[in-house]
Amino acid sequence: MSTIEHTSAERRRDYERRRSARRPDTSRTPDRRSSKPARGQEKVSAAPERTKIRFSLLSIGKGLDVPFVLIILALLVVGLTMMFSASYPVAYYEMGDSYYYLKRQMIFALIGLAVMLMISYVDYHYYHRFSALILGVSYFALLLVLILPAQEGGVHRWIGIGDIFGVQASEISKFAIILFLAHWGSRYYDRMDTFKFGILPAAGVLASTAFLLLLEPHYSCIVIISVLTIIMLFVSGIKMKWMAIGGIALVGIILLLWMTGMLTYAMERMDGWGQALVYKDNDQWQQTWQTRNSLYAIGSGGLFGLGLGQSRQKYLYLPEPQNDFVFAIVCEELGLIGAVLILLLFALLVWRGVVISLRARDRFGKLLGIGLISHIGLQVILNILVITDWLPNTGISLPFFSYGGSSLLTLMFEMGVILSVSRTSNVEKS
Amino acid sequence: MGANQRLRRRTVWLLVIILALGFGAVIARLGYLQLVQGEELQRRAVEQQLSDTPISAKRGTIYDTNGKVLAQSASVWRVVMAPAYFDNDEQRQFVASRLASILDLNEAELLEDTKQNTYYVSVKRKIESEQKEEIIKLQQELRDKYGKSAIISLLDYQYNDELTGTPGRIVTAQNGIQTEMPFDYNQNIDAIDGNSLVLTIDETVQSIVEKHMKQGIIDNDVHERGVCIIMNVNNGEIKAMATVNGFDLNDPYTITKEQQEEIDAIDNEYLIEHGFTEDPSKLSKTERNKLIDQAKAEAESADLSKNWRNKAISDTYYPGSVFKMVTLSMALQEGVVNEDSRFFCGGSYTVYNDEIHCTGVHGSQTYQQALWNSCNPALIQIGQLIGTENFWNYYQAFGFSEKTGIDLPGESSDQFFKYEGVEDNMSLVDLAVASFGQNFAITPIQMITAACAVTNGGYLVQPHVVKQILDKDGNVVQNISTKPKRQVISESVSKEMREILEENVISYGGKNGYVAGYRVGGKTGTSEKLIDVNGDGVDDYIASFCGIAPMNNPQYACLVFFDAPLAGNYYGSAVSAPVFASIMSEVLPYLDVVAQYNDDEMSKIDTTTGAYTGMSVSDATTSANNDGFNVTVKGEGNTVLAQNPPTGASIPMGGTVVLYTDQASTTEKVTVPSFEGYGVNDANYIAAQYGVNVSLAGQLSASDSKAISQSIPEGTEVAPGTVITVTFSTEGTHD
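So the sequences go chain by chain: B and G.
Under my numbering, the very last position in the first sequence is 742; numbers go up by exactly one each time.
Under my numbering, the very last position in the second sequence is 743; numbers go up by exactly one each time.
Bear in mind the hints are in silico, worked out from the structure with no lab data behind them.
From a predicted model like this one, the values you see are computed outputs, not experimental measurements.
Heads up, the beta-carbon is just placed ideally off N, CA and C, and yes, glycines get one too.
From the structure, some residues in chain G lie toward chain B, with a derived Cβ separation under 7 angstroms:
1) Arg14
2) Leu15
3) Arg18
4) Thr19
5) Ile26
6) Leu27
7) Phe31
8) Arg37
9) Leu38
10) Leu41
11) Gln42
12) Arg52
13) Ala53
14) Gln57
Selected chain G positions facing chain B (Cβ under 10 angstroms, derived; list incomplete):
15) Arg16
16) Val20
17) Ala33
18) Val34
19) Gly46
Please put together the full structure from these sequences, using the hints given.
Next comes the structure, spelled out in structure tokens:
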């Protein structure tokens, strides 16, 4: 470990030197590039010539990936604006202050930006050391919430710090699993195609975490960490056989559930998933209230939307429009065009995140970046599938848009980690 | 393959999957919802977002024919509250106790209502306007105290569409708790105030009619109801229309217990059945309560209009002998009877195998005598001369086969044979029975309209109750003038019918319908109901009389009928004709129909007494004598201190005026004799003997007129000269 830290610090010094020298010659010394030999190193070195030409101009400011930061800032501004637009009637009616949610979210956004920048300076290689510790913290948090009193709806999700700030145990778990799998995948990169190293540890961590999440319960998070685990394993290089086996098993289970009628039962149990517009009985109608009004909002938007601030569904029809369903109000106000533009911004973020990750100088950085950016992309997709009634309404927030201090801070922290990866990767590339 | 190469490739795959599959699916889903389903979703969204508040139009006023206000803006209010707005029990307690005291409701129940977490609880419907004022005060009080009211009084349904105008609407956006959204999103559509109606109904005539009809109901123990219509013969204006013992004008809002139970039972299923909503449970509780309230209001409204059933136009009856005037008109118009025609009555008449009885044995009769005798066999023979098809054609022409089209709701149709194939359907027996007004059922308004056509020169007029429509500023929007629909019989036939009908009242069956000073024509009717109302084993009757006056220039027709009189005499001539006479003797002078007295009548006309008090005895006596009165002087004084009857009283010429000349004499009393059973001359003689005056009323001219009642009972001690009204009548004759 100390070797890695050392090399990293040394590399940064080199980088600083070369930056100040303003465009030095492009020649590189292979030994400086990596102190830890990796397979395929030659291939990596072949590519940079092109990438440098394409991206070096944008890579200003101490190696921070500026496009990525700009996309984050854009999403943050748009997200705050839309969250304010969606929340002000609720804030007005319930809190007596239209700016209630905006004020708080802006404070967290500013703190988040600071956190992001600070974290970006922290060499991500430090996290190698903490991966096991953070996994331990995750388990502790998951157990702790089970002991703490339940929140609204009888779920055990939040760990409160005083009355004002709370954090979801699952936020820690998601980061812990990504970190652990990045750590494991980079450490045992040459043995990831074995069952013992490739599948077993990941499956063990996933199963134990999922079990604890099941007790909360927090189904959406189980879905997210499952998919994240699969992504991480896939990228880490496990055998496609296992992917195939896993895929077949999943399809088999779903088919079995479907054939025995369990799936329908489960769907009905899950707050009337997929049936928001059809009246069955009063209970179902009440349960699907939020989803239905979300659909009304989305449908009302049409192609061009009702205009910024013109949503009607946010006037106490769509409950908690500032939270998970904020994008429904976005769709209503900005229409399909606005929604697609915002999704393109997210896609750009994911793409840029992947580019940054692939340029990371080591495997740990690549896996960590891919894991974190996949998490964002996944969260966006799942959130919109929820508000459009293709997934059960189980509480998946929309990054940068949904109100919530702790999740915004977690998000900005993760962005900081990706930026930290970008610093090292840009050292390599510029 | 190197590990890094694999990682890179797999990452690119992952990126493709996330972006293409994940984001692609999301965008496709959004596109479907916003572009394909968008319209439907938006419609459903707007449905819940808009509140549509009606602005009530000012209701028009109903005036009687002389401009007297009959009904004004009868809006009904109800109170609802939105208990979800209450913050604490103190507010709930306060509201419950105040509402309980204002609306006279149970406070504990109200308190329960205030605890519901809904935005719509109906508190009370149909509140009085004073209560409404109190509620408005309470609302203000609540606003002052708690910043909001949560009690809403709403304008409820109104009873008369014609007057309501067009309600305006305010369409506003509302938020999820049904209050208005803060931003500008409303559309106002102004209300158009209702027009006012001027009726042809004359309130004075109406009250005269109701007074006499009520008396008739009591006198004759009428079991079902009495109906009276007074109509302008020439233009169809209805001057009065009364159904007595029907619905009570003073208490029109009474709903029967059964009806109330039905209204209370209105639930979700009712809403589905009556098309209020496809699925009530789809709605929020507030919306559902609103709908149920609306359904209840509509059901109640329907029940009320049912209760208000105007039997003069909505119930049918067998017209009986009154219809004979129509049959005879047909025959005269068709020329199937003439001066030489004779109709024999042997007490009964057999058509094919059916034997139809008559009330008497009338022998050989002219057609006039057939009507005067109200002879069924004669009318049957006349009917057979007319023939089935002709009879049917005239039946139609007289307007019996269609509704009269009177501008009132709820008019019924007749019940008779369908014209299609009438020849096959209607046998000669049917025709025979129809000839004297049985076998088919018509409404009273149809009968009187036909009677008008018989006497007004043959024109079928359009009965109507609205004379003018005024806008809210009182300008005439429309004058309702009705042209006769058609001429049914010729002027000459009509003239002959008038003569026959007048003679019928002067000398025959219609004698009790005679009104002194007016040339009245008419026909009595006693129709079989074929129903045993009181369960005494005998089918009961409808006694009716339809008369028109004056016969030289017909102006007003009046139909009186009593359904199931059970006091003994059920003949139209005995039950309905006297009531007709009482009504017309007051109505005709009021309506400025000029009286035409004959000599005999002139002697019986009441004269007004003058002011004799204060004069010397001799001057007073001279003055009274000059006025046409006899004088009795009481006391020893020289000056008249008092007189009886007092100044301005009506007594017949030759009546006695008592002049008092000292105090002692004023205490003198006489005893009222019995006049009942005596003729007019006898009554005058008796009155003179006893020192009282009589004012004569009823049928006076007939040779067999007998006093049937007197205004002051026999044996009462009264001052000398007191006026006692004695009513005369003749025995009812069979018709």
